[in-house]
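Take the sequences, apply the hints, and build the full model.
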Amino acid sequence: MVTQKDVARLAGVSFMTVSRVINNKGNVRPETRRRVEEAIRVLGYSPSFVGKALNQGRTDTVAIMTPARFDDTMGSLYLMRVIRGISLACRQYQQDILLSPLTLEDPSFDYLRPYRQRKVDGLIYVGLQKMPQEVREEINRRRIPCVVIGDRPEDEEFSWVDTDNERAGYDTVMRIWKRGHRRICFVGLREEFYNANIRDREKGYRRAMKELTGEEVPDEWVWRAGYHQEEVAQVVECAFSSMGERPTALFCATDEMALGALVALRRLGLRVPEDVSVVGFDGFLKDLGISPTLASNEQPLVDVGRKAAEILYKHICNPAAPRETHIFPVYPLEGETLQSLEER
Numbered sequence: 313m314v315t316q317k318d319v320a321r322l323a324g325v326s327f328m329t330v331s332r333v334i335n336n337k338g339n340v341r342p343e344t345r346r347r348v349e350e351a352i353r354v355l356g357y358s359p360s361f362v363g364k365a366l367n368q369g370r371t372d373t374v375a376i377m378t379p380a381r382f383d384d385t386m387g388s389l390y391l392m393r394v395i396r397g398i399s400l401a402c403r404q405y406q407q408d409i410l411l412s413p414l415t416l417e418d419p420s421f422d423y424l425r426p427y428r429q430r431k432v433d434g435l436i437y438v439g440l441q442k443m444p445q446e447v448r449e450e451i452n453r454r455r456i457p458c459v460v461i462g463d464r465p466e467d468e469e470f471s472w473v474d475t476d477n478e479r480a481g482y483d484t485v486m487r488i489w490k491r492g493h494r495r496i497c498f499v500g501l502r503e504e505f506y507n508a509n510i511r512d513r514e515k516g517y518r519r520a521m522k523e524l525t526g527e528e529v530p531d532e533w534v535w536r537a538g539y540h541q542e543e544v545a546q547v548v549e550c551a552f553s554s555m556g557e558r559p560t561a562l563f564c565a566t567d568e569m570a571l572g573a574l575v576a577l578r579r580l581g582l583r584v585p586e587d588v589s590v591v592g593f594d595g596f597l598k599d600l601g602i603s604p605t606l607a608s609n610e611q612p613l614v615d616v617g618r619k620a621a622e623i624l625y626k627h628i629c630n631p632a633a634p635r636e637t638h639i640f641p642v643y644p645l646e647g648e649t650l651q652s653l654e655e656r
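Here the sequence shown stands for residues 313 to 656, where the numbers follow my numbering.
Hint data in this document are derived by calculation from the structure and do not stem from the laboratory.
You may find that some hints are simply not true.
Computed Cβ-Cβ distance ranges for the label pairs, DEER-style [unchecked claim]:
| no. | residue 1 | residue 2 | range |
| --- | --- | --- | --- |
| 1 | ILE639 | ARG502 | 20 to 30 Å |
| 2 | GLU504 | CYS550 | 15 to 25 Å |
| 3 | GLY492 | GLU527 | 17 to 27 Å |
| 4 | ASP531 | TYR506 | 15 to 25 Å |
With a Cα cut of at most 20 Å, we get these calculated DMTMM-like pairs of lysine to aspartate or glutamate [unchecked claim]:
| no. | residue 1 | residue 2 |
| --- | --- | --- |
| 5 | LYS626 | GLU469 |
| 6 | LYS515 | GLU532 |
| 7 | LYS626 | GLU610 |
| 8 | LYS515 | ASP615 |
| 9 | LYS515 | GLU466 |
| 10 | LYS431 | ASP372 |
| 11 | LYS515 | GLU469 |
Treat the numbers as computed from the prediction; the structure is a model and nothing was measured.
Backbone N, C-alpha and C define an ideal beta-carbon position, used for all residues, glycine too.
Quick look at the structure:
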């Protein structure tokens, strides 16, 4: 294993000079710095993160805590885009990334162990699954640099980055209403699931419908299922079969739910969009060649990830840095599954 002493020997300098170059501290003449950097390159030397943590108090590594449900296709697409944004910022700051998935099977798992072992400098929590209370409390107690994505913690200590899901839910209803639809149902999550983004989309749906109709949304217009297509398909099929006056449009909380709704409508012999319009949320299907193309909403997830990493870096460099919050807009995606009633 190559050490700093090996680098010093090849470069013809002292151990302390090598340390100053690696840690970018002290005055080192440009020619000497070039010799040290060349020796590092030739020997393939890489500083130990343990040594760096001891010398600098930092490892230049951040942990990303991800929800358990990101083992499915749609969840993975969400996470891949967020991580891409995080990695772009971390590359700029010369930081590495450690993935730390949450699990529902082992609630006793020690998620903060990497921080206690000084393997990471801070945490980015993808908050589509509620943060365990004990984790939240320890982050606050230890004052661990942490930024939350996809949720807005009530705790004043946490910085967070989110998209404007409530406004997007409201705007989606307005898009559908302008095309002549009045019976608009929402396909969302069962209440035992926690997803702040979907919760806010439903809030926007309810606010828009009350503003447009002057009344609260009837309970039978909100259909609840799990995340996966087949469960959504069964719920939609059952709801359509039991309703007297059927909806002309469905607003689905995710694109995956929209796919489940499309399966159900096909089973019922209903055409999309001729009989029922469908709008999703996420925009993950726009480049997959699915026909008819799905009307949806797109979140700038790469930008979300990048911003979270930028804020975290500020907190790592300056533990006294003030809390930051940032909300990104959501953009409508047109698609063939949304049609005006007049076009029927």
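- Task: Take the C-alpha atoms of LYS515 and GLU469, compute the straight-line distance between them, and say whether it is at most 20 Å.
- Result: Given pair LYS515, GLU469 is violated - Cα atoms ~25 Å apart, limit 20 Å.
- Message: Given the hint of 20 to 30 Å, is the C-beta distance from ILE639 to ARG502 inside that range or not?
- Response: Holds: the Cβ-Cβ distance is about 27 Å, inside 20 to 30 Å.
- Can the suggested window of 15 to 25 Å be confirmed for the beta-carbon pair GLU504 and CYS550? holds, 19 Å
- Message: Quick check: does the Cβ-Cβ distance between ASP531 and TYR506 fall within 15 to 25 Å?
- Response: holds, 21 Å
- Given hint GLU469 paired with LYS626 - CA-CA distance at most 20 Å: With a Cα-Cα distance of about 14 Å, the restraint between LYS626 and GLU469 holds, given a limit of 20 Å.
- With a cut-off of 20 Å on the C-alpha distance, tell me whether LYS515 and GLU466 pass. Roughly 18 Å between the alpha carbons, so the hint for LYS515 and GLU466 holds.
- Task: Decide if the proposed pair is consistent with the structure: LYS626 and GLU610, CA atoms, cutoff 20 Å inclusive.
- Result: Distance ~28 Å between LYS626 and GLU610 Cα, so the pair is violated.
- Assess, step by step, whether the Cα of LYS515 is no farther than 20 Å from the Cα of GLU532, and give holds or violated. Distance of about 16 Å is within 20 Å: holds.
- Pair hint outcome, LYS431 versus ASP372 [Cα-Cα no greater than 20 Å]: Satisfied, since the Cα-Cα distance of roughly 9 Å is no more than 20 Å.
- Item | Proposed proximity, ASP615 with LYS515 (alpha carbon, max 20 Å) | violated, 24 Å
- Return holds or violated for the Cβ distance of GLY492 and GLU527 against the range 17 to 27 Å. holds, 19 Å
Figure legend: structure checked against the earlier numbered hints; hints not met, in rising order: 7, 8 and 11.
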